[in-house]
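Starting from the given sequences, assemble the full structure and let the hints guide the process.
Number of protein chains: 2
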Amino acid sequence: MSQTLPATAVPGSSPDGFTAMLVAARTASLALASAPTRLKNTALQGIAVALRENVAQIVAANALDLAAGAENGLTAGLLDRLRLDEARIRSLADAVGEIEALTDPVGQVVRGSSLANGVKISQIRVPFGVVGVIYEARPNVTVDIAALALKSGNAAVLRGGSAAENSNRVLVALIHEALVAAGLPGECVQTIDPFGRAGATALMQARGLVDVLIPRGNAGLIQAVVTESTVPVIETGAGVVHIFLDASANEQWAADIVHNAKVQRPSVCNAVETVLVHEQAAERVLPGVLAKLAGAGVTIHGDAAVRALYPAAVPATDEDWATEYMSLDLSVKVVADLDAAIAHIRRYSTGHTESIITNDIVNAERFLNEVDSAAVMVNASTRFTDGGEFGFGAEVGISTQKLHARGPMGLPELTSTKWIVRGTGQIRD
Amino acid sequence: MSQTLPATAVPGSSPDGFTAMLVAARTASLALASAPTRLKNTALQGIAVALRENVAQIVAANALDLAAGAENGLTAGLLDRLRLDEARIRSLADAVGEIEALTDPVGQVVRGSSLANGVKISQIRVPFGVVGVIYEARPNVTVDIAALALKSGNAAVLRGGSAAENSNRVLVALIHEALVAAGLPGECVQTIDPFGRAGATALMQARGLVDVLIPRGNAGLIQAVVTESTVPVIETGAGVVHIFLDASANEQWAADIVHNAKVQRPSVCNAVETVLVHEQAAERVLPGVLAKLAGAGVTIHGDAAVRALYPAAVPATDEDWATEYMSLDLSVKVVADLDAAIAHIRRYSTGHTESIITNDIVNAERFLNEVDSAAVMVNASTRFTDGGEFGFGAEVGISTQKLHARGPMGLPELTSTKWIVRGTGQIRD
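Chains as they are written, first to last, in the working numbering: chain W, 56 to 484; chain H, 56 to 484.
Any given hint might turn out to be false.
Chain W stretches covered by chain H per the calculated footprint, using a threshold of three residues with CB under 8 Å from any CB of chain H [what the hints assert, rightly or not]:
id, region
1, 81–91
2, 171–181
3, 304–313
4, 451–459
Everything labelled a hint here was simulated from the structure, so no lab data went into it. Every residue, glycine too, gets a C-beta built ideally from N, C-alpha and C.
Next comes the structure, spelled out in structure tokens:
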């Protein structure tokens, strides 16, 4: 928390320029922390306008990244995530407008009381200060995160994938201009992309200059940040998500919920990856569930009991149970009872979301109590674990860690608190 | 979050025994997490009784530690912190009784709502799971932390200083018996002292087996844990605490508050270390403040302006401004105005507690807004930053970090949350 800057704080190449950048972020964060909501909203409006008015410039920079990406053999999927066209830029500008409309968390009173001696204490939300974000080559994340950080009063230091460097440079320059035009320091949002991989390493070691680090991306990226960082990390993790069809599961609910959880958007973290079925429900419930999935082109990876009921299933391997497919694949297993289901979930879950389909109150309560995940559900689709669905507005990510934030993270999760103590000369007895 | 245990998870000596211990803690934590409050309270009562009934055994074990400590040249202060006598053991038992009387945080509903589609969501407090604590040779901490962890539903893995090994072994054995007698797994509280220094290192690397690590002790110990740990850490930090006497400061309040903050208990983290005085208040306010401190034997480390007013002051060095004395020493400096005071605090504060003594509303609000510490005060003694004073009951420590908990930590700060989602077949549109 100390503002004293050890000369050796930041390793890596170009340490002087890099440290100077983080010090500038810290200074900017102090101005931003006490900026009134109106000023932050003006800057957000400016960013939205700048995106809409500079489509051609953004698309041109993005074209450089796309060409380099194609040359470097990026897959079609990665190129698609890298691409910005006019429609995507307009929808990004709309998203910034939605963030502007959210309630400012800064200054909210969390709790408070009056002590016996007349001293008044209250715990209020304050920004973290400087938030570092390390993510993949998705330029939309640059705008999203900058807007969320700004609204919550945090300076942002961004490290995007090098494949998006040209796009990110233009976006950060536009954001910088909008900040300055609104009367805020441009250094509230900075990119460290020019420092390359060494910059990412230095960011992870910049404890004292950066208050919290949020990795967004694949499991490998998140693991690397968690392992290497001395800065506190908020982990937004992978989802090996389970649905358990209990003995009493309603057939229609089971078929609808599993279909929704797998098919609606298979590539997201709240999509289901494994269905467990009580052996007493397998014959009654499973055919309807699997028929509906087959109609959507889902490949079933089944254990022997599943394959006996559904010969089209491919045999499930040990790895299948631990796999986040993010595709139209689903592991399905028959289990002896609720205990076996909970044991399987404890072994393979990533702690994101699990749901039970049941009509048995005792089993529902046991599942809610005994499954230790960020979201635990009864008779609902796992796709509901989402900041938008929960009513938070924009989402920073879904935390699968237990410290600070767990589950969908909205703007309040981008804040810390401080205690305000008001007295009239009181001393401690 | 995954319960899969990589074979190479834990480095250090005796990895098999060590990992088995952490796995046992995890298993015990699952039983403890869903244990009703009544069961946890029975165990706490049992611990209090066991302490009172086994004074002789505890004192005998402690005598071995004291003898070894004296032989190894421990200072009188360290030997005093290591010592357990009948009075101290009885007061430890009383403290366990007080923790039993606190409200159980587990299951408390933090917030909740009903979504448009009828799905009900609520965020409830749940234990972290397994909490690791690394602390110095103070056997009272063993009992304190075990009781706090138990009440909040967490299994505790304890690493105390090796100089207290005999005392801790007896205390943990008594706690173990009380847990088992109450019908809870004895492995809810375990010591890794037999694994020595390698055990501490392995504990810091046991991400996935240990949910959170809390270092308690001197700055060096905390810094080592923060730097080496891959397990998320809650930092309970040092306090270079400031009081600013503004131009309009009430003379009596200034003298009383500074005296209280320095003299009442100089060795604790919320004691003041530096007083800054507005140059317009120096002649009016400082003589009374310093005379009262002199009466208590406080050594003043002053800048030139202070020494001109108070020749008994010794010259303050650059290190003085950054020093947590924990003794009857105080740094005092005259500053030009509020801005200079805030700038000094930003440079030297450890983010624990700062207070302004003023009658100026604008300056009070600016100080509250612009000083970024866990507790910021107006016209009150810094000694109020304390879980007991804030009404939290027992205190886990005072967090000076921004993630998860900031300021005095009570039982709720030893919990995480999870989202409970209850539906009747809803799917996402």
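Here is what the structure says about each hint:
1. 81–91: Our answer is that it holds, as 3 residues pass the Cβ test (under 8 Å) against chain H, meeting three.
2. 171–181: holds (count 4)
3. 304–313: That given contact holds, which follows from 5 residues of the region 304–313 of chain W lying within Cβ reach (below 8 Å) of chain H.
4. 451–459: holds (count 5)
Hint compliance for this structure: every hint is met.
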